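Visitor: What follows is each chain in one-letter form.
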Amino acid sequence: MITHRGLSPTRHVLANGLTVLAKETRTTPAVTIYAGFHAGTAYDPPACDGLAFFVSKTLDRGTASRTADQIAEELDSRGVTLSISVNRHAMWLVCTCLTEDFDHVLSLMGDIAMQPVFPAAEVETRRGEIVTLLRQDQDNPATVAMETLMRTLYGETHPYGRRMRGTLESVERMTRNDLQQFHARRFAPQAMSIALVGDLAPDRAVAVTESVFGGWQKAPPEDVVVNGAPPANGRRVQVLPMMNKAQADVAYGFTTIRRQDPQYYAYWLMNNILGQYALGGRLGDSIRERQGMAYYTFSSLDASLGPGPLIVRAGVSPANVERAVASIDEELAKLAAEGPTDRELAESKQYLTGSMPRTLETNAGIATFLQTAELFGLGLDYDLRQASLLGEVTLEQVHAAARAVLDPARAAVVVAGPYSGSLQ
Amino acid sequence: MGVREEFLDNGLRVLVQEEHTAPLASVWCWYRVGSKDELPGLTGISHWVEHMNFKGTTNIPREKVKGIIEQYGGYWNGYTWIDQTTYTETATRDALDHMLFIEAERMASCLYDPADVESERTVIISELQGGENDPEQLLDQELTAAAFHAHPYRHPTIGWLGDLQTMTRDDLYGYYRQHYVPNNATLVIVGDVDADDALKSAARRFGSIPGGEVSKRRRTPEPQQLGERRLTVSKEGTTAYLKVGYHAPAATDPDFFPLLVLDSVLTGAKGLNLWASFRTPPPQRSARLYQALVNTGLASAVSGGLVPTQEPFLYTLSLTATDGTSLDALESAVLEAVDLVRRQGVTEQELRKAKTQLRARFVFEQDSITNVAHQLGFFETIASWRYFLSIADRIQAVTLEDVARAAAARLTASNRVIGRFEPVSGAS
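First to last, the sequence lines map onto chains A and B.
First residue of the first sequence: 1, per this note's numbering; consecutive thereafter.
First residue of the second sequence: 1001, per this note's numbering; consecutive thereafter.
These are calculated hints, taken from the structure and not from any lab test.
Hints are all accurate, no fakes.
Sample of chain A residues lacking proximity to chain B, with all beta carbon distances greater than 12 Å (derived):
hint, residue
1, N16
2, D178
3, Q263
Under the rule of at most 20 Å between Cα atoms (straight-line distance), these lysine to aspartate or glutamate pairs were calculated in the DMTMM-like manner:
hint, chain 1, residue 1, chain 2, residue 2
4, B, K1355, A, E74
5, B, K1200, B, E1005
6, B, K1055, A, D285
7, B, K1235, B, D1328
8, B, K1055, B, D1116
9, B, K1066, A, D342
10, B, K1355, A, E100
11, B, K1066, A, D285
12, B, K1066, B, D1097
13, B, K1064, A, E347
14, B, K1066, A, E347
Remember, it's a predicted structure, so these values are computed and weren't measured experimentally.
We put the beta carbon where it would ideally sit given N, CA and C, even for glycine.
For reference, chain B alone in the conformation it holds in the complex (with noise of 0.2 Å):
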């Protein structure tokens, strides 16, 4: 059951992949597009623009889109994030046609109604807030924004308030019509369907589409950080949480799965799924940094944040302190076992057990057509589909010498930067 790929003549790549397990098809409809293209005063734009396209097109007219795909007992959803921003819908195979007839819909004919346009404009900054409600979010949103002075993955894909305040109908459809043509799109296609049949129907339904410009996106590489950052949240809370990012290499960097080895030996295997991995939290009880701080009562979770991204982004540590353990204490036991394994590198056994884990997760997190289907297409985006099928030999491949290198050249001092969220007792 290989993957097929094909273009049509307006550029649009298309991916099929038969997965005969059940009789379900899902399809995803990937654009290069993310936060990261976004320009200052249109923070958050990406995201605003994937929410604009659910609502009605010149053939799917508004009140017609309640239950488009419900009705083929499926599902269907949508995400941006800093590099890209996709659709998706699973349902029965029966569906498969009509579900490429709204990805081509919502490629090239969104409507934009002015009004649809203000209502989504409150839906969105309730979105913000809602994210704000959580302490952890609100000190990632401000860790990344710190480790970034000139690259554009320092602004959050939700956006700025200022900036979803005031951006106008006419900046979202532009910025809508700039990205959403073919040749800068990935079409996948992955489930109980006929590979040429599957084709076919894209090429009936995209084919008519016109190809546009892409345009080469200029981008401020970041420097070189130049000594370790901190910063601090103070906010009225009940518990202190502490974050540790480090600049952390693009997924087609050398040093990218050696870091992966690393963050398992650290804090467990995570997978590489975007849309699955979270849904299980890693194996990581014997993980040094489990021990070294939730076992001994410092901290009451860890977790490690190393996701594929097109350029160089972050690796995180994420910790919660335990009521009545202070930020200091925390902090010494952290960059204490992180800097151990600068120093002296993973073991042996520890490099086996990582790769075995990564191995077991990449298995778990292919158990359905949508999970197939989500990797070759966040893949596409970044680097190339092909790229993720070689995954499992990269990191077979991965060395004792490789995470030795890769945790010395990383983890330092000087490319780091340390968060706090520190909590101010209420005054009732």
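Next comes chain A alone, as it looks inside the complex (with noise of 0.2 Å):
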């Protein structure tokens, strides 16, 4: 067995607020820059779904000295790509620089971060890179089921039933007024983390941010708090036909807990039996493997800082959709009833523990992990405690908390595919 040593990441905080993460890695010279703000889709005000989204699209497209073009060849000739991306809670940015160019990158980064014009030329331009996005994801099954199962489980306005990537009506609808204001109310220091990971020592990281970002003033932006999910009242199923397709899309789901609950450990130990351990856990087995109905099933556990949902996907042909539903039914009323078995419930402890020096080998999977961390509180030696936490989870806990989640007649059901069945 190998014992793993810590991360001991550094952890500083600048007089404006904002938190930086340290840790320094030999293995290539370069650094990852791994910059989190709290201005995910959950702060889209009332009727402006896509909003931050849209934001992700446009921050970097011109700043108060930069225009686009010059912002792109600052970057290219560098040969780094910067990364936008938001999810509810929060939105990254992200890239990988030699260590030569780090100090040039990250005063950039901050003219972003800090400096956003959101050019009227450039909003139509990805105006019209959203639409078609949105176009896309009409005619991807996946994303429809996915959709649809969110808004089912949530209700349509709650942060986590809403449309990420809003809609046809409200992105048309969004101005440049709009995606300033959200920049003005949601980017503060307060609101900031930074992990810089890789060829740079802590002291340095720490003083190159309080070069770009330290003289950043700001009154610190409210927070959101997310709401309860609404009670789950008997079992939900839609089916959305998509005639012009090969292959049917299976998302089920329910709502759980939030990352901070204490049963989160006993949580992700059900899910990592359930449909993550080797291939797809106990799913795996029953749909791939036994009856080879599906190259993808899987189920996916995200408590967040609200009380996230639990979600099992499969990918079937029109001819199996109801089998494989009465498949996973089968599977979570069975794990739901009996528990977990002694051996299965070691096994997971086993590769959920094994499994952090790979999580960690590289500068962006330790740079998630910090961040990761530091959005949920969990400490700097998260790391070395996670094996303990875990450890403690006993099999009633786990058994428990199957019970409380996997009952397939308060589950919502949504298939999106070749496939217009009276499923039930």
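Now that you have both chains on their own, put them together as the hints suggest.
Guide: This is the structure we're talking about:
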């Protein structure tokens, strides 16, 4: 057994409230910059679905001192790709650069985060790209199934039920002013954390961040509390025929708990046993290995700042939709009724604990890990504590988690694809 | 930290590289067999064989397969493409001998239980149908088939549905026995290991597997294309896609790296790691085609594809038309930009930027032992691992004249295939 010595990252909060997370590694002469803002889609104002996403597509298209082309040239000429992505709670600005380019790239990233101007022409071009993305989504059974499932589980107005990319109507309606307002409201040092991982000493990481962001002063953004999920009243089944497709996507789910809930580790293990361990857990055994019905099937648990979902997914031929959903029902009911075996629990614990060195192998892996720990307040020694947090979970706790969630009679089930039958 | 190369008596090539950055080891076992080696009636067999090689073996009963590497916190996978089939495990370093045991079993002792063959048939058909849900993948398949009349690069690695429905257990097992021999394989070990120990372990696990006959495979070279080819996929959908494919040089052709530089100028540098490169999009906003097509609002996305292959394959440009843009408008804009570079080549500044981008991407894609090991084995299956080590120098040596020559020779109308996905609006 390999003893994991621990990441021991540096965490430093600047006077203006910005959090710096740093870890030095020597694998490659490169640095990964992973900056996060509490500016996810959960902060979209009412009737402005897709605003955060629109901001993510336009934030780096011009600043007070640089045009979009100048930004592009400065990044491209160093081989750097800046990726801006958004999820329910955060917007992420991520890139990897050569060590020699770090100071310049961080300074450019600071300009983008603090001084974007959202040029009118850029806003129109990117609006056209987003409309095209939305049209592509309408033709993608997996996306259609997932969006419908989330709306069914959480409702139209809950931050987890709304469309992250917005609608054709909301995207057409949003203005440059909306983008500027969102940035003014949500981007502030107190709502920012930056992980710097790679060929860079931690004290330099802090010093360069201070020099770029230290002078940034703003009032702290207000926090948004994500409400609980609405109760599940019975089984809700929706069939969305897309007869031009070859395969149907099944999305089947429940609402669960928050990441900070003490039961989280029992839920995590329950999900691993159900639909993750060794190519899809029990679901993979049944639907892929034994019945040969699907190339992919798995479950995922997304406990977050709000009570996130547990979702089962599968891609099956139209003739197998009913059999696949019946098999999911059966596996869930069985795990809820009987709980996992001692052996399953031991194997999942061993796997999740043993995979830590792989999780922390690359700079991007470490940066993601540090930001997750920061977002959920897991502590700087979380990599060392995780094994005992998992180790302490009992068979009965995992069984209780399965009983609490996996009830087919309260599931939301969505099928999108070349199927128009009457699934129950 | 150099590469150690040794051959076992049975012909197995073993490459070991020590990397002590994390307490991990990565094993890749590569076979020189891919979908270009398939005969009519058996398309998709290489990939299906790969799937079967995750079932039971003589010494790993079917029910013991699940969790066999996960118990070491590890990960395993495999893939099949036109030139190669490969299997990988990455886990804690104490699992090295166990990983080698799994790969030795996979090479010589897979069972091909008839019930497993039948259950996997429908899994693979599901994989094929999942791919068909994606209009871009469908267009790519049709364009590749149109580009090659004679060479087996023409058929998709997943295979044609009719062959997947009729292939038998004996077809699969025979193909497995024919190609899975040590002298057709390369074993790569990279990580926190002692090279001597790793080589001893490899010899112990693989040494008793007999070498086999590696038959010379006959392949029809693709005759020169005589004029532009065009095809259209008309299908219900929401979005129009355009794909332009040019017959491209093989990895070892002197034109390959000039064309790679040219692709960086047109669409941004991707790097050359099939396993890692696609995870980070290329730096492309200042690239010519992004400027000409995306920033003008004609396309919502553009990408270039030039992958190192053993024999001449394709250089592709893939575009998504923005909602409301006609494929005609998009096609004339992309062809105009390509024609400009064909006539005039690239500038000194563009050449410099492309080289910087490629250098940076090579650094970034060496960030894990899994990626390092992948590159050695991948290049060994299409050229040689030593060729991989020479790539950085080959790119730096590319001149403006090299790029201009490659562009003039390759980016001609008669060397290209134009594919369109034209969405037909649905009845409802």
